[in-house]
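Peer 1: The listed protein sequences correspond, in order, to chains S and R.
For reference, each letter of the first sequence is one residue, going 1 to 320 in this note's numbering.
For reference, each letter of the second sequence is one residue, going 1001 to 1231 in this note's numbering.
Among the clues, some could well be false.
[What the hints assert, rightly or not] Counterexamples of contact, computed for chain R against chain S with all Cβ distances above 10 Å: (1) Ala1031; (2) Ser1114; (3) Glu1184.
[As the list claims (entries may be wrong)] A short, non-exhaustive set of chain R residues, derived as facing chain S with CB atoms under 7 Å: (4) Ala1035; (5) Asp1038; (6) Thr1056; (7) Asn1144; (8) Ile1157; (9) Phe1158; (10) Gln1179; (11) Ala1180; (12) Val1183.
It is worth saying that the hints were derived from the structure and are not from the lab.
The structure displayed is predicted, hence computed values, not measured ones.
Backbone N, C-alpha and C define an ideal beta-carbon position, used for all residues, glycine too.
Residues per chain are reported as follows:
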Amino acid sequence: MEMKRLLPALLLVAGVSARAADRILILRAEGVNFQETTRSLEHELGPEFQCEDRVLGSGMDAGVLSVAIAKSRPKALVLMDNDAIKLYAEVQKQWRDSVPYPPSISLMAIRVDKAISGLQRATGIFYEVPGVTILVNLRSLVSEPVRRVGVIVRPSMEDFVRESAKWCKYENIELIPFSVPEDRKDVARAVRQGVRRLRDQEQVDALWILNDNFFLTPEIISGGWLPALERFRKPVLVGVENFVTARSRFGTFAILPDHYGLGVQAAGMILRLKEEEWELDGTGKVEQPLAVLKILNLEQARKSVHVKEAGLVEVDKVIR
Amino acid sequence: MSRLFGVILSLAFLGSAAAGAKVFVFYPSLARPLAIQDALAKKCPGLEITVFGRLTDLQALVEREHPTAIVAQADVLKQFPAYLPKLQGLRKGSATEDFVLLSIDKPFDVAKVSTSSIGVVGMLDRREMDGFVAGLVSGAPHINRVTKVEDLLPLLIFQSVSAVLVSEANMKEFRKKSQANLVEVKLEKAKVGLVAAGVKDGASDAEKQVLPALKSLDAGTLAMLGVDAWK
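Bound conformation, chain S alone:
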């Protein structure tokens, strides 16, 4: 075929394929967890989507992000980390109502629901693993009943615990909160009081320690949690791997977000957005994370419960 006749055809094909690929702009923090989520997101979306991966830092500010968005015209943004959300909020503020904002999906940020509250056309996935996921997994591992579970909480996290309690009801599990005011002076002492109350008066079957920095400073761990947990002979559920290591004397069972799974879940949200022709008004529903990784400190667990050996095949990592 003559080149003159072939060229327009090639251009036409190239144009069609360029139009067919929907662009997604990923704005994320540096780090292996973010890379893993990005990898699974890109894989799950496949060749019909063109993902542009931008890392925070190295001169990335609202101006640069504005230019990047104007240049690539993404159908949607994926924002990973609180700083990425803040940056996009800044861009939206600068643009005001002059141009339509591409919708965004936020993940891997602390309290995504609160973080995106100032964004237009925003949805996301919580980073915090909900209590029901943690407790159903614990229950399938141990012979003892898991019906009443204590949790020490400060007022600004009570809505998260209430939401978790709602889901727990489906599984016949009751969350028993012990509230510590934000302005409490001696938080370590409050933690000791809370654990004692949940153990003696509320007679809980397990204790869920929230991933809340307010309660997890070195001083509060050493002066509050560790002395209190010495006499707490029930499973202790945590959200940090370091708290279930052989030497930690802290947690029994850790449940962590599965970063690969988060990418798959975010891809699902993008596909749904596309089906809905990228329509997302206001602030959408924030989804609970689905995929988790489970780490069990078997020795620690055996001090308080009977562990079902058959259930260990469902645990990602067993510390013996």
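Got chain S; can you put chain R on it based on the hints?
Peer 2: Just chain R now, with coordinates in the frame of chain S:
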């Protein structure tokens, strides 16, 4: 977290360090891939067995390492045309298992399937999975994919989908784990092939090593692959 995956992956490869025919296994179930791999490696010391938890990892390594055999559900195996099925797994004499639609509190209305969201484990690539699900549920629902079988239960509890599509065997496991009011709807056309072993075309010597080893697996190990015999 990636460090954890790194450890798991390293352990997986350490476990398969012995010389022998390479066998790749992909069978999404409630058991972790490493637990299945440990069980298989103990029973088949002459084989290099690697068990995958994600289709994408299986695809990448098949392309790179060209294993002698792949053990996976029949529909997954079809995605690798260079691997010809030589053994078919059976359960109670059948080479297929029934899939059901599981929902909470009320049975899923199959008449509304094409306007509903259904949760599934992504055992095939997205497009193939869409076709696979459409064939089972006789409609074109919005599909919510997850990577692990256990992730289907939170999908239901958080009401992210109207129902999840699972094998009857996994439904029984969910009933053991969950106290939610799980309700099943049986589907007429939802029969899915159990695991099969496919051997690389032309690998006849290796075939002599792999197939007898798989045939010698005990009931407990076969159960981890969702079968109780081979034919």
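Peer 1: Look at each hint and say if it fits the structure.
Peer 2: We went through each hint and held it up to the structure:
1. Distance to chain S contradicts Ala1031 of chain R as a non-interface residue, since its nearest Cβ pair spans about 4 Å, not more than 10 Å.
2. Interface exclusion of Ser1114 of chain R from chain S stands, the closest Cβ pair being 12 Å apart, more than 10 Å.
3. At the 10 Å boundary, the C-beta of Glu1184 of chain R stays outside the reach of chain S, the nearest C-beta of that chain being 17 Å off.
4. The criterion of a C-beta within 7 Å of any C-beta in chain S is met by Ala1035 of chain R, whose closest approach is roughly 4 Å, and the hint holds.
5. A hinted interface residue such as Asp1038 of chain R counts as satisfied when its beta carbon comes closer than 7 Å to some beta carbon of chain S; here the least separation is about 9 Å, so the hint is violated.
6. With its C-beta approaching chain S no nearer than about 5 Å, Thr1056 of chain R sits inside the 7 Å limit, and its interface hint holds.
7. Against a cut-off of 7 Å between C-beta atoms, the interface hint on Asn1144 of chain R holds, since the closest Cβ of chain S lies about 5 Å away.
8. Hint on Ile1157 of chain R holds. Least Cβ distance to chain S is approximately 5 Å, under the 7 Å limit.
9. Interface restraint check for Phe1158 of chain R: the shortest CB-CB distance to chain S comes to about 5 Å, inside 7 Å, so the restraint holds.
10. At its closest, the beta carbon of Gln1179 of chain R sits 5 Å from a beta carbon of chain S; the interface hint therefore holds under the 7 Å criterion.
11. The criterion of a C-beta within 7 Å of any C-beta in chain S is met by Ala1180 of chain R, whose closest approach is roughly 5 Å, and the hint holds.
12. Annotation: interface hint on Val1183 of chain R violated; nearest CB of chain S at approximately 13 Å, more than 7 Å.
In this structure, the earlier hints numbered 1, 5 and 12 are contradicted, and the remaining ones agree with it.
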